[in-house]
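Student: Sequence:
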Amino acid sequence: MIKHINGGNAKDERGEIRFVNDFDMTEVKRFYIIKNSDTELVRGWRGHRLGQRWFYALSGSFSIDVVKIDDWDHASRDLNVENHVLTASNSDLLHLPKGYATAIRALEAGSELLTYADQSLVESIDDDYTFSLDYFVNF
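Plus 103 on top of the position in the sequence shown (first one is 1) and you've got the working numbering.
In short, the hints are calculated from the structure, not lab data.
In the PhoX-like style, the derived pairs of lysine-lysine whose C-alpha atoms are separated by at most 20 Å in a straight line are: (1) K171 / K106; (2) K171 / K201; (3) K201 / K106; (4) K201 / K132.
Simulated DEER-style distance windows between Cβ atoms: (5) R117 / P200: 35 to 43 Å; (6) D115 / D176: 51 to 59 Å; (7) I105 / V145: 14 to 22 Å; (8) S192 / R152: 28 to 36 Å; (9) S192 / D230: 31 to 39 Å; (10) G118 / E226: 36 to 44 Å; (11) E226 / N109: 28 to 36 Å; (12) D173 / Y135: 22 to 30 Å; (13) R117 / E226: 37 to 45 Å; (14) L210 / D230: 25 to 33 Å; (15) H187 / Y232: 13 to 21 Å.
Model, not experiment: these values are computed from the prediction.
Where is the CB? At the ideal position from N, CA and C, for every residue including glycine.
Full structure from sequences and hints, please.
Tutor: Right, here's the structure in full:
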(Lines of atoms letter the chains of each structure in order from A and count residues from 1; the text may use other names and numbers.)
(Lines give C-alpha, C1' and ligand atoms only; values in the text may rest on other atoms or scores of the structure.)
Protein backbone atom coordinates (compact mmCIF):
# COMPACT_ATOMS: atom_id res chain seq x y z
CA MET A 1 0.00 0.00 0.00
CA ILE A 2 1.30 3.44 -0.94
CA LYS A 3 1.72 5.53 2.16
CA HIS A 4 2.46 9.16 2.96
CA ILE A 5 4.48 9.50 6.15
CA ASN A 6 3.88 12.89 7.71
CA GLY A 7 6.84 15.10 8.36
CA GLY A 8 7.15 18.47 9.96
CA ASN A 9 9.42 21.34 10.76
CA ALA A 10 10.44 23.41 13.72
CA LYS A 11 11.56 27.02 13.45
CA ASP A 12 13.16 29.37 15.92
CA GLU A 13 15.74 32.15 15.93
CA ARG A 14 18.49 29.63 15.09
CA GLY A 15 16.81 28.47 11.89
CA GLU A 16 14.69 25.52 10.84
CA ILE A 17 14.75 21.73 11.24
CA ARG A 18 12.74 19.54 8.87
CA PHE A 19 12.00 15.99 10.01
CA VAL A 20 10.08 12.78 9.40
CA ASN A 21 10.19 11.19 12.84
CA ASP A 22 7.86 8.30 11.93
CA PHE A 23 10.16 7.04 9.15
CA ASP A 24 11.72 3.73 10.22
CA MET A 25 14.92 3.46 8.17
CA THR A 26 15.88 -0.09 9.17
CA GLU A 27 15.17 -1.41 5.64
CA VAL A 28 17.13 1.32 3.82
CA LYS A 29 20.39 0.25 2.16
CA ARG A 30 21.21 3.32 0.08
CA PHE A 31 19.99 6.69 -1.15
CA TYR A 32 20.35 8.91 -4.18
CA ILE A 33 19.19 12.37 -5.19
CA ILE A 34 17.22 13.08 -8.36
CA LYS A 35 17.51 16.52 -9.97
CA ASN A 36 15.81 16.75 -13.35
CA SER A 37 17.36 19.04 -15.95
CA ASP A 38 14.11 21.01 -16.31
CA THR A 39 10.41 20.93 -15.46
CA GLU A 40 9.38 19.43 -18.81
CA LEU A 41 11.38 16.20 -18.42
CA VAL A 42 9.50 13.18 -17.09
CA ARG A 43 11.79 10.53 -15.65
CA GLY A 44 9.99 7.23 -16.11
CA TRP A 45 8.49 4.75 -16.29
CA ARG A 46 10.87 2.78 -14.06
CA GLY A 47 9.82 0.13 -11.59
CA HIS A 48 11.00 -2.49 -9.18
CA ARG A 49 9.24 -5.81 -8.66
CA LEU A 50 11.07 -6.56 -5.42
CA GLY A 51 12.41 -3.21 -4.24
CA GLN A 52 10.81 -0.48 -2.18
CA ARG A 53 11.39 3.26 -2.54
CA TRP A 54 10.84 6.24 -0.26
CA PHE A 55 10.78 9.76 -1.74
CA TYR A 56 11.37 13.09 0.02
CA ALA A 57 11.51 16.53 -1.62
CA LEU A 58 14.71 18.23 -0.45
CA SER A 59 13.91 21.37 -2.39
CA GLY A 60 11.10 22.53 -4.65
CA SER A 61 8.34 20.10 -5.58
CA PHE A 62 7.72 16.97 -7.62
CA SER A 63 4.84 15.23 -9.30
CA ILE A 64 5.22 11.47 -8.90
CA ASP A 65 2.91 9.25 -10.92
CA VAL A 66 2.78 5.65 -9.72
CA VAL A 67 1.30 2.48 -11.14
CA LYS A 68 0.99 -0.98 -9.54
CA ILE A 69 2.31 -3.42 -12.13
CA ASP A 70 0.12 -6.49 -12.69
CA ASP A 71 2.51 -8.51 -14.88
CA TRP A 72 6.17 -7.56 -15.13
CA ASP A 73 6.65 -9.27 -18.50
CA HIS A 74 3.44 -7.93 -20.11
CA ALA A 75 1.96 -5.16 -17.98
CA SER A 76 -1.58 -4.09 -18.84
CA ARG A 77 -1.55 -0.73 -20.59
CA ASP A 78 -4.75 0.50 -18.88
CA LEU A 79 -3.62 0.20 -15.25
CA ASN A 80 -4.73 2.92 -12.83
CA VAL A 81 -2.14 5.67 -12.48
CA GLU A 82 -2.10 7.62 -9.20
CA ASN A 83 -0.52 11.04 -8.83
CA HIS A 84 1.28 12.21 -5.70
CA VAL A 85 2.82 15.64 -5.18
CA LEU A 86 5.70 16.14 -2.77
CA THR A 87 6.90 19.57 -1.71
CA ALA A 88 9.87 20.55 0.40
CA SER A 89 7.64 22.86 2.44
CA ASN A 90 5.33 19.96 3.39
CA SER A 91 8.13 17.60 4.53
CA ASP A 92 6.09 14.44 3.85
CA LEU A 93 7.73 11.22 2.72
CA LEU A 94 6.13 8.97 0.07
CA HIS A 95 6.61 5.22 0.55
CA LEU A 96 6.18 2.89 -2.43
CA PRO A 97 6.20 -0.80 -1.54
CA LYS A 98 7.53 -3.35 -3.99
CA GLY A 99 5.68 -3.80 -7.25
CA TYR A 100 5.32 -0.21 -8.48
CA ALA A 101 6.67 1.88 -11.34
CA THR A 102 7.09 5.66 -11.27
CA ALA A 103 7.18 8.64 -13.61
CA ILE A 104 8.73 11.67 -11.90
CA ARG A 105 8.60 15.33 -12.96
CA ALA A 106 10.00 18.37 -11.14
CA LEU A 107 7.38 21.08 -10.75
CA GLU A 108 9.91 23.83 -10.00
CA ALA A 109 13.34 24.50 -11.48
CA GLY A 110 16.18 23.24 -9.29
CA SER A 111 14.03 20.79 -7.32
CA GLU A 112 15.83 17.87 -5.66
CA LEU A 113 14.23 14.56 -4.68
CA LEU A 114 15.92 12.36 -2.07
CA THR A 115 15.23 8.69 -2.80
CA TYR A 116 15.86 5.83 -0.39
CA ALA A 117 16.05 2.20 -1.57
CA ASP A 118 15.96 -1.10 0.29
CA GLN A 119 18.13 -2.85 -2.30
CA SER A 120 21.86 -2.58 -2.89
CA LEU A 121 22.90 -1.29 -6.32
CA VAL A 122 23.71 -4.86 -7.41
CA GLU A 123 20.29 -6.13 -6.27
CA SER A 124 18.57 -3.21 -7.96
CA ILE A 125 20.21 -3.86 -11.34
CA ASP A 126 18.51 -7.27 -11.51
CA ASP A 127 15.19 -5.70 -10.47
CA ASP A 128 15.03 -2.73 -12.83
CA TYR A 129 12.09 -2.55 -15.26
CA THR A 130 11.40 0.25 -17.71
CA PHE A 131 8.36 1.10 -19.81
CA SER A 132 8.08 3.81 -22.46
CA LEU A 133 6.63 7.11 -21.27
CA ASP A 134 3.47 6.57 -23.35
CA TYR A 135 2.99 2.93 -22.28
CA PHE A 136 0.21 3.48 -19.73
CA VAL A 137 -2.87 5.00 -21.37
CA ASN A 138 -4.17 6.47 -18.07
CA PHE A 139 -1.06 8.62 -17.65
